Every structure is written in C-alpha cells, then in structure tokens.
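> Take a look at the letters that make up each chain.
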Amino acid sequence: MELFINQVFSGLVRASLYFLVTSGLTLLFGVVGTLNMAHFSLYMIASYFTWTFHNYLVDYSFSFWAAFVCAAAAMAVLGLVIERLVMRYLYERELGEQLLITFSMVYILDDLTKVVWGSSPLFVPRPDILTHIITFGNVNLPASDIFILLLGLTSGGATWYLLARTSTGRILRAAYSYKEMLPALGIPIHRTYMGIFVLSVVLASIAGSAWTMMGMVDLGQAHSLLIESFCVMVIGGMGSFAGTAVSAVICGLAYSFAILYVPKVATLLIFALAGLILIVRPWGLMGQAGRLH
Amino acid sequence: MTEILRTEKLTRRFGGVSAVSLVDLTVYDKEICAVIGPNGAGKSTLFNIITHYLDPTSGKVYFRGDDITGLPAHIICRKGLARSFQLTNIYPGLTVLDSVQMSLLSVEGMSGSLFRRTDALLRDETERILEMVGLLDQRYLTGNLLSHGDKKRLELAISLGTKPKMLLMDEPTAGMAPDETWGLVDLVERLRSEEGLTVLFTEHDMDVVFDIAERIIVLHQGVKICEGLPEEVQRDERVRECYLGAPQSAIQ
Amino acid sequence: MGTCLNSRLIQECVTVFPVWVCAKDRPLWLDSRFNDILPTDERPNYPMKKNWLIPLCGGAVFLALGIVLGEFWVKVATEAVIMVLFAASFSLLYGQTGLLSFGQGAYFAAGAYGFALAMTKLDLAFPVCLLIGMATAFVWALATGYLCVRLAGIYFAIMTVVVSQSTFYLVFQWYGLTNGDNGIQGLAPPEILHDPRAYYYFTLLVAGSAYFVYYRLLTSPFGLSLRSIRENSVRAGFVGIDVKKHTLKAFVLAGLFAGLSGVLFAPFTRTVVPQMADWMASGKAVFMGILGGAAHLAGPLVGGLVWIFLDAFVSGFTIHWPLIIGLLVFLIVFFMPGGLMGLVASIASKGGPGRGREQSS
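Residue numbers (my numbering), protein chains in the order written: chain A, 32 to 324; chain B, 3 to 254; chain C, -1 to 359.
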C-alpha cells in the first residue's frame, strides 16, 4: 500500500512537470496554431538561468526563490525578443515552415546555451525548507516534490482562470476560431499573440526552474523530455488545455508504475499510448475533431 | 431513357439542421439537368454527398445501378462520376498540362506506375481536352497564375480528364465574364452530343439554366419541392414562393 | 531621411531581394515547395528534355574526386554520397508529396542495424547483408508507414517523431540483440573494399544507381501523382488517385532510400549506434533536404554534398557546427524557400527563356 501511494505520488510529480512544460506548448498551439519545437530549448535555458541567478545571489537566504522569479522574468524578456524577431513572422506561414524554423531554432538555441554555459552539468542546491522529507508511516514525501506538485497546480489553475474566466480569455478563445475577425473588432491580434507566446515561455521557465530540483541542469535535459511531452500533448488533444492536464496525469502515473514493473519499456509505453491515440482518435482525448489541421 | 444516377431519401444533418433531407432524384443518361434553389438550399451539400465529399446521415446513392454510398472518392471517380468544385479546386503548383494529364493517367490506372516516363504519355489526349476547353495556349503555366475564368476552365478540364460518364458541376460559371459563360455553355452541349456526357449542375445564372437544362430540379431548405421541364418549373407556384417569398401559411 | 532610406534599402536587400529572386512576380515565397514551378515556355519541371551533359559532367567530377582528393577528403566525399540518399529520402516525402517527416532516421538505423546484425549474428556474405539491411528498412517503413499515412499535417509530423524516437528506444533497450548503447562494432566491408578509395567508388556506384532511380521516380506517372497530392490532396482523390495507397508507397520508397544510405553507412564507419535512429539524426535529413531544395530533382544531391563538405570544413576550426547549420537553415526557410537549387533554377531561368529548366535538372 505504501509503495502504491509512493508511486502515485511520484507519478503525480512527474505529471506536474509534464504539465508545466507541455501547457505552454498547448497554449500556443491552441490559440495561435503554431507548434514551437524550440519550446524545450527554452525550458532548458530557463534551468540554466535559474542556476546563474542562484549563483549571483548565493550569499542570501532567499537565493533560490529569487532565482526562480528572476529566471521567469529573464525568460519573459527572451520570449519577447524571440517573438519580435522571429515568431511574429511565422504565424501566417505554412505549417511545415513553422516546424522547420522552430526546429532550426532548437539547434541555434542549444548551441548558444553551450557557448554561454559550457557543456558540463550544473547543480542548483535546494533551500533548506525543500530538503525536508515529510513522513506518514512508511510514506515519504519530499518537500521539493510537494512544491513541484503545487507549482503545477497553481500555474495550471492560474492559466485556466485566465482562459476561462477573464475577458482576455474570451479574446484568446476567439482568436483561434475567428482569426480574421479580431482586427475588425479593434482587437490587436498581434499583441494577443505576443502575450500568449510570452506566457508560454514563462510556463516553460517555471518548468525549467522546477527541474533544477529534480536533477542536474544539462544540455540533454530538453531532448529526453521533448518527445514525452509531445506525446502528452497528442494524447490530451492538441490545443486542449484541459486535455493536457488530464493526459499529463495519465502519462505521469503510467510512467511511474511502468518504471517499477517494466523499467525498460517505461518511455516506450508513453510512445505507444500516443501512437494508439493518433491512430484511433487523432484529435486526442479532449480535443475537437474540427481542430484537425 | 435509362437512368444513370439515382438517390434515395438522401439526408444530411449538421447538428440539428438538415441541409439536405430525404431527397430522391433521378438523372437519365445523356441529359443535361440543373439543380436550382435559393442560397442555402442545399445544392452544394447534395453534390458533396453524392460524390462522397461528405458522409450522408442517411440515404443511398446509386450510379449506373451500383450502390456507391460511402465509397471512397477515388473509387467513385473511377466508376465514371466526376465533379468540379464551386470554389476552384485546382493544383496551384502544377502546370495546366500536368494537371489534366494527371487525371488521364489516373483513370487509365497508371497513377502508380513507376516504370514509365510521364513525358509523352497520353499527351495527345491531354492536349485535345485542353483545346476543347480553350487552355491549350496556357498549358505550360502553373494553375495559380491563371485568371479566374481560366481557373474555372482548368477545373472543368481536370474533371473531364477522368473521362466521366457523368459530370457534376457546382456553379460552373460563377465569376465568369458573359462571353466566357456562353463559351462554357456551348462546350457543355458539345460534350453531351459528342461524348455522350450526362451533366448535372447547379447554377445561379437563370439564363444559363433555362438555356441548356432539359430538366430542372428545385431544392428549397434541403427539400426537393419540384422537378420537371423548364417550362413546368417556371410555371410552378411553389418555385415562385420559394424565390419570391410567401406567407409562411401558404407553404404549410 | 538618409538613414531612413538606408535602412529601407537594407531591409529590401535582406528580405525582398531573395524573395524576388526566388519568386519573380509572385508572393508565393510563402511556400517553399512552389519554387520549382516558375513558368517558362519550355515544358517545366521534372519531365525534362534529355540533357545528358550535366549528369555526365557531374559523374565525371565524382569519378575524378576519388583520384584527386586526399584520404581524409575521400572519406568526406564517401559520407556525402551516402548522405545524399538520406536527403533524397526526406525530399521524396516533403518536396514531392508534401509530408513533413522528422523520422527518416528510423529507417536509416533499420538499414544499418539490419546490415550489422546480418553480418555479426548470421555471418552472411557482404552483398547479402546489404540486401537484408534494405529488407529490414522496407519492413519497418511498411509497418510504421501504415500508421503514419493515416494522418495529415502536423499529426503526421508528430507521428514520425514518435516513430523515430520509439525506434531509438527499441534499439537502445533491446540489449540482447543490439548491444544497446554500445552499438555494434567491427563491420568491415570485404577485403576488396577496405581501401577508402575503393569504398568510395563502391558507394558512388550504388548511390549513383539509386539516384537514377530517384530521377526515374520523379519523372514517372507516380511522381506526378505525388506532386498532385502535395498540391491538393482532396482534388487528387477526386480524379481517382488513391491518396492513402500512394502516400504509403511514397513512404516505403523513402524508407528504402534511407535504408540504403544506412546500409552503406554502417560498413563505412564500421559501427552502428542507437543514436542513428533518434530524431536529431532524422533532423539531418530534414536539414540537408531543405538546404538543397526538397522539391528539386538535384536538391538532395546539392544539399547532401554541401552539408557534409561544409561540416568537414567548418569542423576544422570550430565546434559550433550546430549553430552554423541552424542559422543557415533558418535563413533559407525564411528567405530562400526553394533552397540552393531554387536559387540556381531562378538565376538560370533568367539566362534565357526555357533554358533554366534544363539546367536545373
């Protein structure tokens, strides 16, 4: 029983990371219709930023938290720059070109990361409060994991609130279906897109900072997560925010139990699940068939 | 008169709205038949269901005696039922020649052939069709460079390339200049007399309809309300009502 | 005012000029794959005039390279010739059929591993191993292609990523068969091909024949069918083309091209590793194809050669090859969507009416 609870818990933590990193991707695709292959490079860069800011502030007790926030801010700026320079010229382009451009950005960003931070893995120490392990009987819950779980829940909740409950959200939802109509209604669509892109980068940044509590910061971290995250997106339904949340939980739990019983095929299991979904129900669990491009 | 196309209780619903409901129609061999009706009457939807661009909600389509309901588009085409589209649906990046040659290759069963060269294959036949629709001079241009009228003609030539027994044309003259329109009308009549083509078409231009259609079917709100010779349709009260509008009670 | 004019001019040079070069009078630079279709009064595109001069000259140059170059560069040339087929594999799908595949590495690896296993586990003769490698790629492409071609657009692209990454994990985890992360070493070609020059001429022969097949493929009715599917798959269905069957066929043929290049690559490096299958390896095919111009007959050839030689050259003084190639592809997709061949073709077509097409072939 304890084992079961432990696995569920670690599955949920993994789900939270999946969700954090995928939700930005989903958001951009859902509203703008662009799939950003470089999203994961941005996620990786965010981890590096966290390390850098933490290093600057290492003497202060709040260094980790400050690094967390500073990284998000820096990523927002970086996102803004990328949006201004590249993304805004992409939205109207053909799908293949969007993929190709963002794919080439993966190479550019990865190599730039290597130039700036070098290729040896870096380590960000956790603040004391997150090193505790909370124990109920035989169930051990590391505080950092609980924090990641909370991060996933709050950022998911906040984004959901933005989409579903605010007037901005109404515009965003309209932006997908009635792209041509928005300018006619006096809504600056490009500013909307810019906001969405920056938001997606900030979500990637939160994911990147969260990752520093789970493992080393290194150049390979994006690639291992990229495909799994694509799968999460596909299973939930491309562009469906709620779908992403559901499928992140499914994949996280599936992974966490698979790693226990069939460790060799844990990752393959998620791929197989995504492949199956693509064939049986290409629009995913919660996407709409009409959104099939 | 042998029948070539027949539909039985063809219905298509979008959500709660019936775009086409319980339409029975029969088209006979070698006739030119028009489907008319006000905007939104379900003409395009009807064509889309017959050629399986859309699935019917219920009902059957028979072509030359065979049940073709729900067959893949390419099978329907190979049985000799071709269609042209309302919004021109051409290959923007292929040359006019290639576009039409493609259709011919495809009905000759050579579209998958790896061991021939496309070059001279069926070239004469292709050029004959292009000459017929008047696109021979533009044969080396790519589709996207043509004028609107030429695109329409290419659209037709691509359909004719499949050597159909029957052709469904959705608004063939929309957006054409008057002389182009009458050129097309002549062409359609020639195709019927020379090649024995059966034509079913929708059209907004009533001059064209009453000029070439031998039989007219009138749709209104997805329902067939009248069918007959042009004179009969002209005289029909229900047709007048649906075009001119009538008090609701008069229809019920 | 002056600076304003200047910046305007620079902007024109950077953005408008390449567009104009590639697209002449059309705003169609938005679609890279339209670049091969400029109107000329010769019959354009693939069904070409029989012009033997350029292939002959090209062939002569390739033959001479094996003699002129030093050993290092002969090896580079061998790799380039092999990679041309890999680029052709991507181009057949994207340039001709309009399907963006990020997964060609899966079939490259399937070919390479088929070869390696036939050689090490079954101890078969070299030519038989080559055939078994091809057969492996064929089977894998058929099985996975059957799933992929049911999807379109972005779903197809993602499915290919998933397939290639699954292939990677399969190879990586199946330790008993594939030796996992360690790969399989010692895949020497037979004695007669041990010399790099001999192996160069061998690959040149095989790849040259394969490229002739690629040429015949593009000029065949099937090639035209693929282009009509690319241009308008709905319409292609309505003129009687079985779109799914044809795309599957294209997918399998593309898999065979990738497989062949994998099969040739394994005895070249004498090693196979799981990383051959992953999506970054597949990205290489994507980049080479885009670099050369995926829609052009000579695109993969030019792309593959330029990429490999540039890589070898640049690696001499910097480790930042990914950055360079990333920027290069970025700029090409943005400003020169027809790739290098698109540029050549449009320059050549200004040389005189109708001549450009012949030259671009």
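Since the hints were derived computationally from the structure, they do not count as laboratory data. As the structure is a prediction and not an experimental result, all values here were calculated from the model. Using N, Cα and C, we set each Cβ at its ideal position, and we do this for glycine too. Worth double-checking, as some hints may not be accurate.
To be verified - With a straight-line Cα cutoff of 25 Å, these simulated DSS-like cross-link-like pairs (lysine-lysine) come out:
hint, chain 1, residue 1, chain 2, residue 2
1, B, 165, C, 119
2, B, 32, B, 62
3, B, 81, B, 11
4, B, 165, B, 11
5, B, 165, B, 32
6, B, 165, C, 242
7, C, 242, B, 81
8, B, 32, B, 81
9, B, 11, B, 32
10, B, 167, B, 11
11, C, 243, B, 81
12, A, 295, C, 119
13, B, 62, B, 81
14, B, 11, B, 62
15, B, 81, C, 119
16, B, 81, B, 167
17, B, 167, B, 32
18, B, 165, B, 81
Claimed, not checked - Quick look at which bits of chain A chain C covers, simulated, 3 or more residues with Cβ under 8 Å:
hint, region
19, 233 to 243
20, 274 to 281
What the hints assert, rightly or not - Interface residues of chain C toward chain A, partial, derived using beta-carbon atoms under 8 Å:
hint, residue
21, 129
22, 247
23, 284
24, 327
> Compare the structure with each hint and give your call.
Against the structure, the hints come out as follows:
1. B:165 with C:119: 56 Å, violated
2. B:32 with B:62: 22 Å, holds
3. B:81 with B:11: Holds, at roughly 22 Å.
4. B:165 with B:11: 29 Å, violated
5. B:165 with B:32: 14 Å, holds
6. B:165 with C:242: OK: residue 165 (chain B) and residue 242 (chain C) at ~23 Å, within 25 Å.
7. C:242 with B:81: Holds, at roughly 19 Å.
8. B:32 with B:81: 16 Å, holds
9. B:11 with B:32: Roughly 24 Å between the alpha carbons, so the hint for residue 11 (chain B) and residue 32 (chain B) holds.
10. B:167 with B:11: Given pair residue 167 (chain B), residue 11 (chain B) holds - Cα atoms ~23 Å apart, limit 25 Å.
11. C:243 with B:81: 18 Å, holds
12. A:295 with C:119: Distance of about 23 Å is within 25 Å: holds.
13. B:62 with B:81: 16 Å, holds
14. B:11 with B:62: Cα-Cα ~7 Å, so holds.
15. B:81 with C:119: 52 Å, violated
16. B:81 with B:167: 8 Å, holds
17. B:167 with B:32: 9 Å, holds
18. B:165 with B:81: 10 Å, holds
19. 233 to 243: violated (count 0)
20. 274 to 281: violated (count 0)
21. 129: At about 29 Å, which exceeds the 8 Å cut-off, the nearest Cβ of chain A leaves the hint on residue 129 (chain C) violated.
22. 247: 19 Å, violated
23. 284: 7 Å, holds
24. 327: 4 Å, holds
Of the numbered hints listed earlier, those contradicted by the structure are 1, 4, 15, 19, 20, 21 and 22.
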